[in-house]
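Trainee: Here are the chains, one letter per residue:
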Amino acid sequence: MSSTALAGRVVAAESLARARRRSSWLLLFPAVILLGAWAFVPLVMTLRYSFERYNLLYPERRGFAGLLNYNLLLTDPAFWTAIFNTLVLTLGVLAITIILGTLFALLLNQNFPGRGIARLMVIAPFFVLPPVAALIFKNLLFDPLNGLVGWLFKLVGLHPIAWFTTAPMIALVMIVAWEWTPFATLILLTALQSLDTDQLEAARMDGAKPLSRIIYIVLPHLARPATITIMMESIFLLSIFAEILTTTAGGPGTATTTLTYLIYIRALLDFNIGGASAAGVLAIVLANIVALFLMRAVARNIET
Amino acid sequence: MAALELRQVGKWYGGFEAVKSVDLAIADREFMVFVGPSGCGKTTLLRMIAGLEDITSGDFLIDGARANAVPPDKRGLAMVFQSYALYPHMTVAQNMGFALKMAGRPRAEIEAKVREAARILRLEAELGRKPRMLSGGQRQRVAIGRAIVRNPKGFLFDEPLSNLDAALRVQMRTELVKLHRSLDATMIYVTHDQIEAMTMADRIVVLNQGEVAQVGTPLDLYHRPANLFVAGFIGSPKMNFFPARVAGVANGSLSLALDGGATVALAAQGAPPAAGAALTLGVRPEHFVLAAEGPLAGSVDVVEHLGAETILYVKESRGAIIVVRTDDLAHVRPGEAVHLVPRLDRVSLFDAEGRAIADSSAT
Numbered sequence: 001m002s003s004t005a006l007a008g009r010v011v012a013a014e015s016l017a018r019a020r021r022r023s024s025w026l027l028l029f030p031a032v033i034l035l036g037a038w039a040f041v042p043l044v045m046t047l048r049y050s051f052e053r054y055n056l057l058y059p060e061r062r063g064f065a066g067l068l069n070y071n072l073l074l075t076d077p078a079f080w081t082a083i084f085n086t087l088v089l090t091l092g093v094l095a096i097t098i099i100l101g102t103l104f105a106l107l108l109n110q111n112f113p114g115r116g117i118a119r120l121m122v123i124a125p126f127f128v129l130p131p132v133a134a135l136i137f138k139n140l141l142f143d144p145l146n147g148l149v150g151w152l153f154k155l156v157g158l159h160p161i162a163w164f165t166t167a168p169m170i171a172l173v174m175i176v177a178w179e180w181t182p183f184a185t186l187i188l189l190t191a192l193q194s195l196d197t198d199q200l201e202a203a204r205m206d207g208a209k210p211l212s213r214i215i216y217i218v219l220p221h222l223a224r225p226a227t228i229t230i231m232m233e234s235i236f237l238l239s240i241f242a243e244i245l246t247t248t249a250g251g252p253g254t255a256t257t258t259l260t261y262l263i264y265i266r267a268l269l270d271f272n273i274g275g276a277s278a279a280g281v282l283a284i285v286l287a288n289i290v291a292l293f294l295m296r297a298v299a300r301n302i303e304t
Numbered sequence: 305m306a307a308l309e310l311r312q313v314g315k316w317y318g319g320f321e322a323v324k325s326v327d328l329a330i331a332d333r334e335f336m337v338f339v340g341p342s343g344c345g346k347t348t349l350l351r352m353i354a355g356l357e358d359i360t361s362g363d364f365l366i367d368g369a370r371a372n373a374v375p376p377d378k379r380g381l382a383m384v385f386q387s388y389a390l391y392p393h394m395t396v397a398q399n400m401g402f403a404l405k406m407a408g409r410p411r412a413e414i415e416a417k418v419r420e421a422a423r424i425l426r427l428e429a430e431l432g433r434k435p436r437m438l439s440g441g442q443r444q445r446v447a448i449g450r451a452i453v454r455n456p457k458g459f460l461f462d463e464p465l466s467n468l469d470a471a472l473r474v475q476m477r478t479e480l481v482k483l484h485r486s487l488d489a490t491m492i493y494v495t496h497d498q499i500e501a502m503t504m505a506d507r508i509v510v511l512n513q514g515e516v517a518q519v520g521t522p523l524d525l526y527h528r529p530a531n532l533f534v535a536g537f538i539g540s541p542k543m544n545f546f547p548a549r550v551a552g553v554a555n556g557s558l559s560l561a562l563d564g565g566a567t568v569a570l571a572a573q574g575a576p577p578a579a580g581a582a583l584t585l586g587v588r589p590e591h592f593v594l595a596a597e598g599p600l601a602g603s604v605d606v607v608e609h610l611g612a613e614t615i616l617y618v619k620e621s622r623g624a625i626i627v628v629r630t631d632d633l634a635h636v637r638p639g640e641a642v643h644l645v646p647r648l649d650r651v652s653l654f655d656a657e658g659r660a661i662a663d664s665s666a667t
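Protein chains in written order, with our numbering: chain A, 1 to 304; chain B, 305 to 667.
Excised from the complex, chain A in its bound form:
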């Protein structure tokens, strides 16, 4: 065989590989385009609007505004309140759902008659639509005159309180925690079921009492699923909206206005697209900061 024929074959092989690479790009193309259209076009448009003067009430005054929208936002006390409210809501719900979720998971992992029904009941709130859940709380539970909580308060001699005016954020946290506890319970329960029973028996042989077994064996086992629960919940909690709209509409004042809700007010109540876009960009930044912390925590947990 001559050397040229060999070289020709090498070239042929190379071009074949190149063709294969090209065709694989071709096949990936639709998916990439679709993803780009869905994720990047809105992002780029939001970025563009955030640097524009753009109010639907004054469409003729449109134009480049530089950092004006950001400047207005960062000097607006409502913005900082919204960030604070977002963090209070997210962290409050996270804390409650993880603690309650762990307790429910521990309980539901025991053997008792009616366990299947109990599990279903604990999981059920997750299937209630957010506006419905919020309305149930608003009208049936937290209403000072007709609500169940008010009636319970009266039963023990306390004055029923108007939750959404006196403690609006606490009420909101309770509603959202009620919705998300099932999620935490579900993940932690499945994690508990994957715990090697040999480990618990070894701990029993080692003289660990039930409480010590929970502290030293069960809870460390749950650390990783708990971080994953926290991460997934945060994604949804940062964008809580329906519950606020149906109960407090961000009030009283700005007491329950979160960043998401602030964007809604700016864009759809004030028709200020520019300002809303700037708030949206800052919300993305906030979400990324939270995500960064969470990813680090998760990575560390998976490491050790």
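It is possible that part of the hints are untrue.
No farther apart than 25 Å at their CA atoms in a straight line, the calculated lysine to any residue pairs in the SDA-like style are these [what the hints assert, rightly or not]: (1) B:K405 - A:I214; (2) A:K209 - B:H393; (3) A:K154 - A:T165; (4) A:K209 - B:K324; (5) B:K324 - B:N372; (6) A:K209 - B:K405; (7) B:K434 - A:L294; (8) A:K209 - B:P599; (9) B:K324 - B:E334; (10) A:K209 - B:T347; (11) B:K542 - B:A578; (12) B:K405 - A:L200; (13) B:K324 - B:T347; (14) B:K405 - A:K154.
What the hints contain is simulated information worked out from the structure, not anything from laboratory work.
Starting from the known structure of chain A, fit chain B onto it as the hints suggest.
Mentor: Quick look at chain B alone, frame taken from chain A:
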């Protein structure tokens, strides 16, 4: 140190009797092995001794005191699990010191004991590591170390070597025997592997379907199996069984008609069975002699050369396979016709119920 005793211990799971009235005395410092096929109740028995499983009926005694209701950590027994059951989020040192920590011992004492156990098990370099960074053999040693630091009266092993590869298993086997000698503790060891049982045990308990089939030293079980089950379970390759009938009993000699048509004569000892009674003749693979003439004939089916020995699978005329172990027959070829003579001084005889007929085999 502890002597353990089981008196008619039974275990029911709902309507299923997993362990049937087991009587067993384990002497102080004895290395006792429970062996049997899966589902024979050996692990259940061990877990009842450990206290992880309630005893349904009967009594369990530690050093003469009834211990049925004593919680597992108060029995003074330490257990090594098949899965090792190491605590994955704790370091080796924390794993080994956990029991002492739970007992509220001072930190200095815990550290000293962990260090000592690590020295015995050659784990000093691994003390700061997490279990998942260790090899299988090291994990195994940590699990043993966790038992050692408690300074228990007895050790319970639940198939501890089954997750190791063959070479490591052989090595750990000898290490466990050495450990038993140096710790001077009572050990109960559960396995389904008869080689482990034979090599490690002072005495072996063979369990079958929740019942004790036989208790004895390894050689006792090998040479004087009490019944067909033990005879078939202990020894590899398995003992060959030949259904037979008593053809005649005459002046101290027992003549057996094998189902294949051959007749063999044994020295009858003890009370000879009645003429015509159905029996089973058991012959271990190494207790055959190849000869030009013999009561058993067949053709060689498969020859396995293992170097030190050769295993022959001889197909009898009626299709049954006789396994023969021999040391000098590398020249036998598959397809060749051979005659086998059982060494009649070494065979076992079992009655129709499968019980060994006393003294039918020599020692």
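Trainee: Which hint numbers doesn't this structure obey?
Mentor: 4, 8, 11, 14
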